[in-house]
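**Student:** Take a look at the letters that make up each chain.
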Amino acid sequence: MKDRLIVSVSPHLHKDESVSKIMWLVVASLIPAGAAGVFIFGISALSVIILGVVSAIATEVILQILTKRKITILDGSAVITGILLAYNLPPQVPFWIPIIGAIFSIAIGKQVFGGLGQNIFNPALVGRVFLMASWPRYMTSFTQPFNYDAVTSATPLALLKKGKLFENISYLDLFLGKRGGCIGEVCILALLLGAILLFIKGYISWHIPIPYILTVGVFAYIFGPKGLLSGDWLFHILSGGLILGAFFMATDYVTSPLTRKGQVIFAVGCGIITAIIRLWGGYPEGVSYAILMMNAATPIIDRYTKNRVYGAG
Amino acid sequence: MKKFFNEFLKGIIRENPTFVLALGLCPTLAVSVSVTNGIGMGIAATFVLLGSNIIIALIKNIVPARIRIPCYIVVIATFVTIAEMTMKAYSPALNRALGIYVPLIVVNCIVLGRAEAYAQKQSVLNSFFDGLGMGVGFTLALILISAIREFFGAGTIFGRALFKSFEPAFVLGMPSGALLVIGLLLGFFNLLKMRKEE
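For the record, the sequence lines run as chains Y and E.
Going by the numbering used here, 287 is the number at position 287 of the first sequence; the sequence numbering is gapless.
Going by the numbering used here, 45 is the number at position 45 of the second sequence; the sequence numbering is gapless.
Bound-form chain E, shown alone (with noise of 0.2 Å):
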């Protein structure tokens, strides 16, 4: 249990998708201007990483090596499907405001990446607890992310302003503001393995 619960929890913090890995930037640039839709896109990336990587764990075997991509690729953009279809069903709204960057899900880095790198090689259940571990890794810092982004581009969380004579800067809900932040986390994060390491 113990090695199940290490595979989950490297996808956190040693092996973060986004601030070690530095996977999936695009749509984390593109949608973290608000937490709503960092946490959107986070399950709907955490559904689809789940799914694919058990997926593939069990036809790793079946796939003949040369074309493998392509079967991936099919098995990945299965799950998006579902995912799109369910957040037009149940949260138009969401949907709206994450757009494109849903079917984009299919070229996400990291899913694929996780396909190519663990799931192709691991054992169902691994790769089911390494899927968990880097969606929600991913979805924490979205999270952490468009908090930031939300609260000191809008003055809000969630939407709801939080002080009322606070001036909010601009910069930060626009797509440099975005560049902005993720760079100075992605050096803070370094700085903090750097110091772990001495």
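This is chain Y alone, in the form it adopts within the complex (with noise of 0.2 Å):
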């Protein structure tokens, strides 16, 4: 009873959305890169995503229980979080990666802070990055493109971070997923089409993706390798994890900022940390460790731009 006398701030708009409904049709546009991602890469890929999901359920519903607190796996985020661990991991990892990943992003990555939407950092991404820490050996050997044996091959930007992408991949290859990499990021044309599901229903504005992209392929454009304006800026933006990672990872309600103008200036932060990682950093992929940095800023950005209280000022 106590909850239906607690009054929202105003204006006391009703809109039939849910948290859950919004949650279940991100899932549903993550579907299309994750066909693509087992096309590509076979039944493999499949599994990992499958112990991804499976794990992430089922750690949320286990914390749950034991600190007492409704059993929330119906929203939808713990599967969401399980879908893109899985999608930032190679095909071909040992069948407890995944599973650990899931468990380190549920638990350290969001009940820990409390449960969903008190997290500060993606939950995802939290679960990625410990495992790239430490199991470095599997999370960087990637398999070739429809060749179920497991041949191992490097990702095209690992090639470049070397120095030996002697052959250029062409455009329509990393466009359309053929080549070395993480399950859910190397379809491009597979993740655009989840991408504007999203825009169509208004799930996501440009204000994060646009400027995201735009910012690592001005930057490495400006700065190529032959000289100022020399860089093969498409190239950035088709290889890596770039794409799923601005649709799909920095778009995070929870974890990215409130207002329009702190969204763009949390996208282009990510877009320079992005850029910077690549072309000078120590990794090949700097995209889960810029958004993860940008989320730790989001606090700092929503108390700068806050919007002004209507008549007051």
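Each statement offered as a hint is correct.
Here are the simulated PhoX-like cross-link-like pairs (lysine-lysine), alpha carbons at most 25 Å apart as the crow flies: (1) E:LYS10 <-> E:LYS193; (2) E:LYS196 <-> Y:LYS68; (3) E:LYS193 <-> Y:LYS68; (4) E:LYS60 <-> E:LYS10; (5) E:LYS60 <-> E:LYS3; (6) Y:LYS226 <-> Y:LYS161; (7) Y:LYS15 <-> Y:LYS261; (8) Y:LYS306 <-> Y:LYS15; (9) E:LYS193 <-> Y:LYS70; (10) Y:LYS261 <-> Y:LYS201; (11) Y:LYS178 <-> Y:LYS161; (12) Y:LYS70 <-> E:LYS196.
Note that these hints are calculated values from the structure, not bench results.
Two chains, each in its own frame: build the complex with the hints.
**Tutor:** Below is the structure:
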């Protein structure tokens, strides 16, 4: 009864949306990219995705039973975390990698802070970075596309970093996903299909993905390998996990700024950090670190981009 | 006797320097990579705590209040030097492993904290048991943290591998792993405390 008497801040608009409805639609929008990943890398990719999702749900249920809270797996947020974590893993990792990653994502990345809405960092990326720092050997061995016998290959960005990118990978191959990489990041076409669905429903706006991608492109173009303004910007946009990160992970409601202005600042920050790590950092790819760093900056961005209260000041 | 025992016991659980007072976290973060290091650091710190607590309780009435901190530092530094030289003489390998963190016991906030908060107001015997309890509490905390980090981060305990096919998580051996383990343990002990108060 007490809950019903609490009046929210005006305006008292009612919208026929709920957190779980949005979450399940995001799940649906992620399916094409996963299907493409399974098509490209074979059945092992599917088992990684399933293990990630099941472990994420199981961890959430167990923790909520242990802490005697309401069980909220039906809101779909644990499913999204499991999917996104699996999409950020190479297709041939040992079976325990997605399990440990999902447990860490949900337990440390989310429930330690108090559950959905309270976490500072994107849970899936917390899990991925933990795995990356713990078992780098498994996290950086990728398999060749359409070669289901687990022939290891490097991602285009890793080749670029080592200076071994001799033959040009065509932009079409990058766009369709014919390259080494993580399960869910390779097929840009499928990712864009899902992103369009989210745009049409209005669940994400351009304020985060577009400035993020543009910033990386501009940076890569300016600081090219053969001096200023010689970079291959399209290659940088299409390779690595940029598209997956920009549309599906940087846009997480909980960990990104609230105002439009703040979101653009957030996105440009992500772009600059990603480009710096790719061009001069120790790792070939920097999307997850960039998003996590800007997650940490989100509260301060929110503080300085607060909308002025109408009629005040 | 029971009173002294209580003074000793409070440092281990109720006022554990690491998990309750959150003192001396810098050496805890840095040296808790292996259990051997943790025990070595704990014993050195316990020795310094005991010595400095006794001496400071003895001289508390003749030290002018305005210059007490420098005086305490001199006392503490003396014991740290003794500990460091002993360690160099008898266990050079441990001394190399602990490195700069042995001389840094001088500025370990547990030692000066107990001098300020306890030894300068209490009797010699009380201070002795307080120093012993705090030292043992610090050592036990270090052993707990370093055992977790060594086992999960390197797959070993006391440098010996336990399982053949165990793949350690490197991150726990790194500084970020130390912060993670200490943070989780702090939260866990706070939870126990809250449960008890209810």
